[in-house]
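Given these sequences and hints, build the entire structure.
The opening residue of the sequence shown carries number -14 in this note's numbering; numbering runs sequentially from there.
Keep in mind the hints are simulated off the structure, nothing from the lab.
Please note that a few of the clues may not be correct.
Stated by the list, open to error - Calculated pairs, SDA-like style, for lysine to any residue (alpha carbon to alpha carbon, straight line, at most 20 Å): (1) Lys180 x Phe147; (2) Lys180 x Arg255; (3) Lys180 x Tyr256; (4) Lys240 x Lys115; (5) Lys240 x Glu161; (6) Lys115 x Glu144; (7) Lys240 x Gly184; (8) Lys115 x Trp136; (9) Lys240 x Ser45; (10) Lys122 x Ser45; (11) Lys180 x Ser243; (12) Lys180 x Met(-14); (13) Lys180 x Trp136; (14) Lys240 x Thr181.
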Amino acid sequence: MRVHHINCGTLCPASARFVLGEGSFFSRAQMVCHCLVLETSQGLALVDTGLGTHDIQDPSRLGQRFIKRNAPRLDPRETAVARVEQLGFKREDVRHILPTHLDLDHAGGLADFPTAEVHVFRDEHAAAMKPVDRSKKFGYRPQQWAHGPRWNVHAVDGERWFGFEAVRPIPGLSDEVLIVPLVGHSDGHCGIAVKTPGGWLLHAGDAYFSHREIHPVSPRSPPGVALFQWLRSTDNPARVANQARLRELVRDHSKAVSVFCAHCPTDFQRYGTA
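Next comes the structure, spelled out in structure tokens:
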């Protein structure tokens, strides 16, 4: 298993101090869409896809609210398909996609890999296909899956992993890649755990937004992301409980598991080169 950390969309919301907890109140933050390319014996797998080529070509797909709030860079060189090609592969080499959830900044690249199998939890798929209220509809953009992805919808069951329930193995992949329930931000939000020679990696998606939030001794959240998470969670108590479980994981198993999220630039700098 070889893992590549890639940024598939730079986001530049206003006020770095408010959003990141550091820098000027008057300068823009720089956040990432932290995705993974996994080289497996069954071909490539992606964890999240960031913003896709269709989003870059037609930003209206993202909605004016998202564009105004996040000021995405919209650089075609940052799309997942461009990153895959930069690594020397073809888009057809991507056999599996594992979104942490189906919000627009995580699922934008699905259409760039139309032959890949897309693995999601049943509750996430149901919420994205038929959102029942405005709060659950907010992050989903049906245009991003209008091409008809090859969905593989999973139930929450399987063996336990460091105290978390997990689906394992993912059909078509080995038991070195697990879908880990981390609901709260969305109905079927998950983390993706990947076993490497150096230990486990856990991509926690939007279960948290700042590395400060899972500090095992003195966790804190920058006010901007704290407000956003509270407003955007479909089940805030579950989100808070899962953040607590992630802190326990970091505290008790840091030598065995490395945890990172989707948008924190500090997390990405620990691993990413693109």
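For Lys180 and Arg255, compute the direct alpha-carbon distance and say whether it is at most 20 Å.
Cα-Cα ~17 Å, so holds.
20 Å Cα cutoff - pair Lys180, Phe147:
Distance ~13 Å between Lys180 and Phe147 Cα, so the pair holds.
Is it true that the CA of Lys180 sits at most 20 Å from the CA of Ser243?
With a Cα-Cα distance of about 10 Å, the restraint between Lys180 and Ser243 holds, given a limit of 20 Å.
For the pair we were handed, Lys240 and Thr181, check the Cα-Cα distance against 20 Å.
holds, 13 Å
Check the hint pairing Lys240 with Glu161 against an upper bound of 20 Å on the C-alpha distance.
holds, 17 Å
Are Lys240 and Lys115 close enough, with their CA atoms no more than 20 Å apart?
violated, 41 Å
Keeping to a limit of 20 Å between CA atoms, is the pair of Lys180 and Met(-14) held or broken?
holds, 8 Å
Hint check: Lys240 vs Gly184, CA-CA at most 20 Å. Holds or violated?
Roughly 8 Å between the alpha carbons, so the hint for Lys240 and Gly184 holds.
Lys115 paired with Glu144 [C-alpha distance capped at 20 Å]:
Violated. Lys115 to Glu144 sits at ~29 Å, over the 20 Å cutoff.
Need the status of pair Lys240, Ser45: alpha-carbon distance at most 20 Å?
Outside the cut-off at roughly 44 Å; violated.
20 Å Cα cutoff - pair Lys180, Tyr256
Holds. Lys180 to Tyr256 sits at ~15 Å (cutoff 20 Å).
For the pair supplied as a hint, Lys122 and Ser45, confirm whether the alpha-carbon distance does not exceed 20 Å.
holds, 17 Å
The earlier numbered hints that this structure contradicts are 4, 6, 9 and 13.
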